[in-house]
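Visitor: One-letter residues, chain by chain:
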Amino acid sequence: MKKQEKKEKKNINRKILLLIILAYFIYVFYSCIFNISSGIKIGSSLLSFLSYMIKILPCAFIIIGLFEVWVPRKKVEKYLGYQGGFQGYFWAIVLAGTMAGGLMIALPVSSALYHKGARLSVIFTFLGAAAVVRIPMTLFEASFLGAEFTAIRWVVSLPLIIISSLFLEKYLVKQQFQIK
Amino acid sequence: MWFLYVTGILLLISFFIDRSKTKKALVLAYQRFIFIFPSFLFMLILVSIILFLFPQERIMGYLNYRSNMVQVILAALIGSITAVPGFIAFPLAGILRNSGISYTTIAAFTTTLMMVGTITFPVEATYLGKKVALIRNLISFLIAIIVALLVGIYFGEIFI
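In order, the protein sequences belong to chains H and V.
So the first sequence is numbered by my numbering: it starts at 29 and just counts up by one.
So the second sequence is numbered by my numbering: it starts at 4 and just counts up by one.
Bear in mind the hints are in silico, worked out from the structure with no lab data behind them.
Mixed in with the good hints there might be a few duds.
Claimed, not checked - With a Cα cut of at most 16 angstroms, we get these calculated EDC-like pairs of lysine to aspartate or glutamate:
1. LYS24/V - GLU96/H
2. LYS144/H - GLU176/H
3. LYS134/V - GLU105/H
4. LYS26/V - GLU96/H
5. LYS27/V - GLU96/H
6. LYS144/H - GLU96/H
7. LYS208/H - GLU96/H
Unchecked claim - Computed far set for chain V versus chain H, every beta-carbon distance over 12 angstroms:
8. MET72
9. LEU77
10. LEU80
What the hints assert, rightly or not - Derived coverage of chain V by chain H (criterion: at least 3 residues anywhere in the stretch with Cβ under 8 angstroms from a Cβ of chain H; other residues may be distant):
11. 10-24
12. 135-143
Ideal Cβ positions, reconstructed from N, Cα and C, are used throughout, including at glycine.
Next comes chain H alone, as it looks inside the complex (with noise of 0.2 angstroms):
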């Protein structure tokens, strides 16, 4: 009874998600027939970002596929598993640091790698580090506001992403959490 009454109320979500997104694109549409400004600089901008993350998307989500198929859940279990130790942060934070496209590309990997036994610590200091740390990201931020700052931010973030992670991780086993 419960379950049905969660499914209608995800049905009824969905369909206010799909009338906003169809209301937006009405607008844009009608902006460029009529030559609103707003709606055209609104759709262009989203083109621009669609268009940079199409060629990326689908090429992670393949990445991600033939990890799914080819790494063996006892390889991820022994390095990022609760077997792992302290090893498994270090990994989090190596891989966060060298993967392009952020949290939308983190998420996916962070979903694969639960479900091939990684523990949660783990993937909340993956998802951390992949805002903090992306290396390409950081080169940037390093020449324009200097490697100091950068070197701070690394050394007091970092530390407190993994002990948040634990606590996050101590509370949502207790829930008995998953990630989808």
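Let chain H serve as the given structure and place chain V on it in line with the hints.
Guide: Just chain V now, with coordinates in the frame of chain H:
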């Protein structure tokens, strides 16, 4: 572009070793992509609207506030809700720095920009659920504030 080549090479290697596994990988990739696409499109729509509402000049205007405390808080809030890509944000941060805005304010802006994702929230909630996505972003916000304060202390802008 290198991303495309790496994917292509990996796919080819996989294909030569085991065709059926490769096919399975592609099916999985397709399913995962379809699963997230609606939230993803919704996020991009939000980004395009927010970028229109907060153009570069307006962000700079807000950050020119006189009181330091208000400036840092505003910077953190703006960084949290906007989604300026890095290649725009860091040059902007450089300009802000040259126009005399404190490192603390800039750190509050760039770290929340990177760590707190109000706009990526629909995508994050699809994977983690609303509650956990919210907790994670709140923690990120806190960490970003701590980073900004310590940056301020390091550069001698905040005295304890």
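Visitor: Identify every previously stated hint that the structure contradicts and give their numbers, smallest first.
Guide: 2 and 3
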